[in-house]
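Residue numbers (the working numbering), protein chains in the order written: chain W, 1 to 91; chain H, 1001 to 1136.
Each hint should be verified, as a subset may be incorrect.
[As the list claims (entries may be wrong)] If you want the footprint, here are the derived chain H segments under chain W, 3+ residues with CB under 8 Å: (1) 1029–1038; (2) 1041–1049.
[Said to hold, decoys possible] Straight line, CA to CA, 30 Å or less: simulated BS3-like cross-link-like pairs of lysine-lysine: (3) W:LYS86 / H:LYS1059; (4) W:LYS87 / W:LYS28; (5) W:LYS87 / H:LYS1007.
It is worth saying that the hints were derived from the structure and are not from the lab.
Just so it is clear, CB atoms sit at the ideal spot from N, CA and C, and this is done for glycine as well.
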Amino acid sequence: MTLQDYLYYFILPVLTLSVILLFIRFVKGPSISDRVVSLDLHITTGIGIISIYSIINDQPTFLDIAMILALIAFLGTIAFSYYIEKKEKNE
Amino acid sequence: MKSIILKTGSDYLLPLLIMFSIFILLRGHYLPGGGFVGGLIASIAFVLHFFANSLENTKNIIRIHPGLLIPVGLVFALFSAIIPLFLDQAVMTAQWMHEPLPVIGMVGTALLFDIGVYLVVLGVTLTIIFTISETM
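Just chain W, with the same shape it has in the complex:
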């Protein structure tokens, strides 16, 4: 089994399955915090998929996009928690 086969037939299906499970959590999510965590994990899984395509296509520039995406996910989660905290303080 080569690395290409391993990436195509094992890693990508596992990541796809996790995206489906995360989407179910995103739709059901009883509270807004569950949805925020699910959104954060969506982007983290996307970073994994981008890095796999960067290995397959031998393109290191894809990793910069993954890095910027990680940054935006981090900022988004912090912004959500900031405003949730602010909202609870106001009520």
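Following the hints, put chain H in place on chain W, whose structure we already have.
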């Protein structure tokens, strides 16, 4: 937000992210990157600092009102367009230096335009986010 981890992290992330944004800005002509995404990363650095500390602290770091960056960036972009006029060429003709600079590489009017875009994007994003968080 009172979190000592975030506060300490943002102190180190602010210079690091600004350095990364300048790297993205300078690389932008032949590879992925450029003024727009560089400006967005620089604004993310300041917004992260604002979330960890407070709005006043971040404004003290920037010193000037971020809205002032918009006309400055537009002037940069305008200069990149009218520089060929002084060299008896049509407007917006790309000008390049004959020798590449040591670290940066080839420098031309495209870089000047990208710096203008960088400043405009930084100014617009920071103005929008600061205005929203002031009214909330």
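Against the structure, the hints come out as follows:
1. 1029–1038: Holds: 4 residues of the segment 1029–1038 of chain H have a Cβ under 8 Å from chain W.
2. 1041–1049: As far as the segment 1041–1049 of chain H goes, the hint holds, because 4 residues have Cβ atoms under 8 Å from chain W.
3. W:LYS86 / H:LYS1059: Cα-Cα ~20 Å, so holds.
4. W:LYS87 / W:LYS28: holds (22 Å)
5. W:LYS87 / H:LYS1007: Holds, because 21 Å separates the two Cα atoms, which is no more than 30 Å.
The structure fails none of the hints (numbered hints given earlier).
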